[in-house]
Every structure is written in C-alpha cells, then in structure tokens.
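Asks: Next come the chains, spelled out residue by residue.
There are 2 protein chains.
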Amino acid sequence: MAETIHPFIRALEQYDVLNEAERAALTALPLQIRIFGKNAEIVREGSRPTHSCLLLEGFAARAQVLSDGRRQITNLHIPGDFVDLHGLLIKRMDHSVIAFVDCKMAFVPHDAVRALIDEHRHLSRLFWLTTLVDAAIDRAWITSLGRRPAIDHLAHLLCELYVRLRGRGLVSGNSFAFGATQTELGDVLGMSTVHVNRTLQDLRKLGLVEWEGGRVTIIDFERLAERAEFDPAYLNQWIEAR
Amino acid sequence: MAETIHPFIRALEQYDVLNEAERAALTALPLQIRIFGKNAEIVREGSRPTHSCLLLEGFAARAQVLSDGRRQITNLHIPGDFVDLHGLLIKRMDHSVIAFVDCKMAFVPHDAVRALIDEHRHLSRLFWLTTLVDAAIDRAWITSLGRRPAIDHLAHLLCELYVRLRGRGLVSGNSFAFGATQTELGDVLGMSTVHVNRTLQDLRKLGLVEWEGGRVTIIDFERLAERAEFDPAYLNQWIEAR
DNA sequence: TCGGAGCACTCACATATGTTAAACCAGAAG
DNA sequence: CTTCTGGTTTAACATATGTGAGTGCTCCGA
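These protein sequences, in sequence, are chains A and B.
The numbering used here puts the first residue of the first sequence at 1, with every later residue one more than the last.
The numbering used here puts the first residue of the second sequence at 243, with every later residue one more than the last.
The set of hints was computed from the structure by calculation and includes no laboratory data.
Glycine included, C-beta positions come from ideal geometry on N, C-alpha and C.
Keep in mind that a hint or two might mislead.
[Claimed, not checked] To give an idea of the chain A side of the interface with chain B (calculated C-beta under 7 Å), a few residues:
(1) 12
(2) 66
(3) 67
(4) 190
[Claimed, not checked] Pairs of lysine to aspartate or glutamate, DMTMM-like flavour, derived with a Cα cap of 20 Å:
(5) A:91 to B:258
(6) B:333 to A:16
(7) A:38 to A:16
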C-alpha cells in the first residue's frame with residue numbers, strides 16, 4: 001500500500017515537508033485501485049461522489065460537454081494529483097472526470113478523507129493548497145484562452161506540463177509521455193483539430209518542440225517559455241511552511 | 243463591526259448554516275476597512291500579502307497582464323466574496339486584484355484567519371468551499387472561452403452574475419448595477435471592445451438584455467440561460483451540511 | 001495479403017473576431 | 001455656452017481560426 005500511494009505523498013512534498021505521522025496517516029488511507037481505459041468516464045457530471053479519487057498513472061481530465069457534443073477540457077491532471085478532492089465539498093459534480101489516456105486511479109471514501117483532515121490540520125491546509133494551485137492553473141488557462149494566439153497558448157500549455165511533470169519525476173531528458181490525439185489536444189486548447197495541427201507545425205518549424213509517437217520533446221525550453229510568457233511561479237513548486 | 247462584515251456572513255450562509263459561536267467569531271475578526279477607486283490595484287501581482295481581503299461593496303477582479311499591456315480578467319468578485327483567501331496559502335500572488343469599480347474592502351491579518359480556521363473546523367471547510375466555487379466558476383469561463391461564440395459567452399456571463407448577485411440580495415427587479423465600460427467587459431470576456439459592442443447589440447436585438455447607465459437588465463432570463471446553456475448548479479447556492 | 005480504422009496532415013474556403021480609425025454623444029469642467 | 005473627455009457606436013478592412021472534405025500513412029486483425 002505504501003508504494004501505491006507514493007506518487008501522491010511525493011506530490012504533497014513538493015509544497016511542504018511532511019512529518020512521520022502525516023506520512024503514516026496518508027499511507028494508511030484505504031485505497032481502492034481501479035484502471036480506466038482511455039476516454040473512460042471516471043466521475044460523471046451531475047453525480048454525487050462518495051469517494052475522492054487520486055491519479056497514480058496516466059493523465060486524467062475534467063471535461064464539460066456542450067449540447068452539440070463538443071467538449072472543453074478544463075483541467076489536466078498528472079500522476080500524484082488528488083484529482084477529485086473537490087467532490088468532498090462540492091456535492092454535485094459540475095463536470096466529469098475522464099481518463100485522458102489509460103489511467104490508474106485510487107479511490108478513497110470521503111469519510112476517510114474527512115477523518116484525515118480533521119486529525120491533521122497541516123494536511124488539510126496542504127490539500128486546500130493543492131486545490132488552489134489547480135485554480136492558479138485555471139487562471140493561466142483563462143489568460144491563454146482569452147488573450148494568447150494559438151501558438152503561444154500551446155507553448156504555454158507545454159511549458160506548464162513540462163514543469164509539472166518534472167516536479168513528479170516524469171520527465172526524462174527533456175521529453176515526456178503524452179499519448180493524446182490532436183483532436184484531444186484541441187479539446188484542451190479550445191481549438192479545432194486542423195488548427196492544432198497547423199499550430200504544432202509552427203512550433204516544430206521554430207525548432208522549439210517535437211511531438212511524435214506519444215512523446216513530447218521540449219527542444220528549447222528557454223525560448224518556448226519566453227514566447228509564451230511562461231512564469232512557473234504559479235505552480236508553487238517550492239517548499240514553504242503553510 | 244457586526245454590520246461591516248455582514249455581507250460576508252450572509253454569503254457563507256448561502257452554503258451552510260452557521261451557529262452562534264461561528265457567527266460571533268466572524269464578527270470578532272479584526273477588520274481594516276479601505277476604499278479603492280475604480281481601477282486601483284488592491285493586491286499586486288508578485289507580492290506576498292500579509293492580509294486577506296474581502297469585498298464589501300463594488301466589484302473586484304483578478305487580472306493578469308501580458309507584456310504588451312493587454313490584460314485578462316480571470317475572476318469577478320461580488321460583495322460578500324472572500325476575495326483573497328488564496329493569499330493565505332499561496333505565498334506569491336500569480337495575479338493582481340483590482341477594483342473593477344469603486345470598492346469597499348475589509349482586510350484581515352492572515353494570523354487572524356489562521357486562528358479562526360484552526361478554532362472552527364466547520365468554517366475552515368466553508369472557506370475552502372468558497373474557493374472551490376470560485377474554481378467552478380473558472381471552469382465555466384474556460385468552457386465559454388474555449389467553445390462558445392461571443393454571444394453565448396456574454397450571455398453565460400450575465401446569467402452567472404445575475405444568479406450570484408441575486409444570492410446576495412443585489413438584484414432589484416431583474417436588473418443589477420454593473421458600472422464597467424465595454425473595454426473592461428472585453429477584458430473579462432477575452433474580446434476586443436468593438437466585438438463586445440457588436441455582441442451586446444445582438445443580445446439587445448434579441449430582446450434578452452438591456453444595459454445602460456451602469457445597470458444591466460435581464461429581460462428574459464429563461465431564454466438567455468437556454469441560449470448560453472447556463473445551469474446554475476455549479477454556483478452551489480443551496481444549503482447543505484459540509 | 002488485404003482491407004479497415006484511426007490518425008496526421010493538406011487544401012479550399014467560410015466566418016468570427018481583431019484592428020484602426022473616425023463619427024457621435026453625453027456629462028464634466030471651465 | 002463652449003470645450004474637453006471618455007465612452008459608445010459605426011465602418012472598412014485584416015487576420016486568426018473554424019469547417020468540410022479529402023489524401024495518405026501506419027497499425028492491426030482477418
């Protein structure tokens with residue numbers, strides 16, 4: 001079990017040190033592991049979850065679907081993220097959580113989470129913090145969607161993913177796994193498949209990024225970040241007492 | 243003092259009942275009241291606040307500014323919102339908070355907030371919930387920005403504001419005060435001033451909305467909500483134990 | 001070996017939205 | 001009453017992005 005929850009503990013430790021009691025309490029959480037194939041629905045919009053889920057492997061996404069079937073992904077989650085902590089307090093899901101690629105999830109009963117945060121004030125603040133970092137990411141997405149041209153928007157997203165994944169030890173060299181199709185990436189960026197393709201090729205031509213075989217390679221992070229005006233500070237990945 | 247913080251207590255009571263001790267503790271919070279003129283900066287991007295601020299009158303906004311001076315507003319806050327609760331946990335501001343119109347703010351030292359939530363577990367969950375509702379609003383904005391045409395986007399925003407303000411008793415008849423310029427509205431919607439103007443006129447021609455003299459009138463909420471696919475559930479404005 | 005089935009990629013074209021500039025209007029200030 | 005100022009509105013035009021319909025590649029299963 002200790003091994004199972006490890007990515008999550010590691011994620012929390014990006015934000016603040018944990019003591020032994022806290023680490024033990026996290027390790028003792030009752031987990032139910034489930035595997036979801038790509039595009040499977042993990043939590044349904046409109047439902048009232050009794051468990052929170054955290055992501056161990058893969059990418060999960062929050063998605064909102066319009067009546068004509070088009071959809072927008074509002075957050076991307078990476079291993080170690082407590083994806084559906086929201087469901088603990090927000091009773092009715094305003095979005096669904098889907099497996100963006102094949103995912104390994106751990107489900108924790110809300111009661112267990114509630115007991116944990118009642119017992120461990122410090123963990124409760126850390127959990128809260130993780131939802132605030134999610135919100136900071138949302139704000140960056142809003143700014144990209146509202147004010148950045150497609151190429152800068154994509155560049156910003158790739159910078160974000162690169163830094164977040166690196167923080168979890170999921171970047172090797174300067175590349176990371178990203179098994180999405182261009183249509184799915186369009187759902188993240190709020191653009192059409194065709195335009196994703198064009199934009200991607202622009203980034204390639206500039207020698208900033210490679211993407212093939214389900215791996216993204218950041219060729220020149222410096223220039224990519226500069227073009228996107230990407231400042232990693234909002235990801236809050238440094239340890240500081242809460 | 244009791245009167246001063248009243249809008250905030252009222253806001254919390256949208257989400258759950260408060261007991262006397264909680265109400266008393268909130269009333270006892272040490273507040274420093276400050277007035278900000280329109281467009282004044284309340285919290286600066288990059289700063290490390292020592293106080294959290296809550297909004298008593300007016301509209302406040304979170305804004306991110308690009309290097310060329312264009313800006314995107316990522317959240318709008320209404321009276322009763324604990325605008326900068328984030329600053330308690332997120333140490334460095336990734337955005338600024340500005341007075342969208344003239345604002346009356348109350349500042350509370352972080353220490354006092356920390357003491358309050360350490361003492362009152364239930365309040366701490368409610369505070370957390372308010373930040374999660376903010377995040378739900380962010381998600382709706384992302385979906386609007388990514389997938390809705392301008393007119394639906396604007397319609398959705400107006401529905402959101404209408405419902406939120408109504409929950410705080412700030413709608414009279416079917417109209418509410420909204421003292422922004424079209425350029426400022428463009429910063430919210432991520433569009434140019436000219437296009438805001440066009441879009442507004444489209445809504446007017448459809449007989450859905452009026453906007454003049456700093457007041458927005460929702461002529462036909464039903465049809466407006468339908469066109470925007472607006473579902474108020476994400477605003478979580480019903481009382482439920484946390 | 002063949003025939004899907006996805007997916008990346010292209011092309012031609014449509015359309016939403018941005019840009020620049022100017023006219024117009026109302027209220028504030030002198 | 002006049003002038004100034006900020007805001008709204010209109011117009012003409014530029015551009016980013018969407019749409020619909022392909023082509024061709026690669027993998028995979030029959």
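Asks: Does each hint fit the structure? Answer for all of them.
Replies: Hints versus structure:
Here the hint on residue 12 of chain A is broken, as its CB sits about 13 Å from the closest CB of chain B, past 7 Å. Restraint check, residue 66 of chain A versus chain B: the minimum CB separation of about 6 Å is within 7 Å; hint holds. Interface restraint check: residue 67 of chain A against chain B, minimum CB-CB distance 6 Å, threshold 7 Å, status holds. At its closest, the beta carbon of residue 190 of chain A sits 2 Å from a beta carbon of chain B; the interface hint therefore holds under the 7 Å criterion.
Taking the CA atoms of residue 91 of chain A and residue 258 of chain B, the gap is near 12 Å; set against the 20 Å cutoff, the hint holds. At most 20 Å may separate the alpha-carbon atoms for a hinted pair to count; residue 333 of chain B and residue 16 of chain A meet this at roughly 12 Å. For the hint pairing residue 38 of chain A with residue 16 of chain A, the CA-to-CA distance comes to about 33 Å; that exceeds 20 Å, so the pair is violated.
Figure legend: structure checked against the earlier numbered hints; hints not met, in rising order: 1 and 7.
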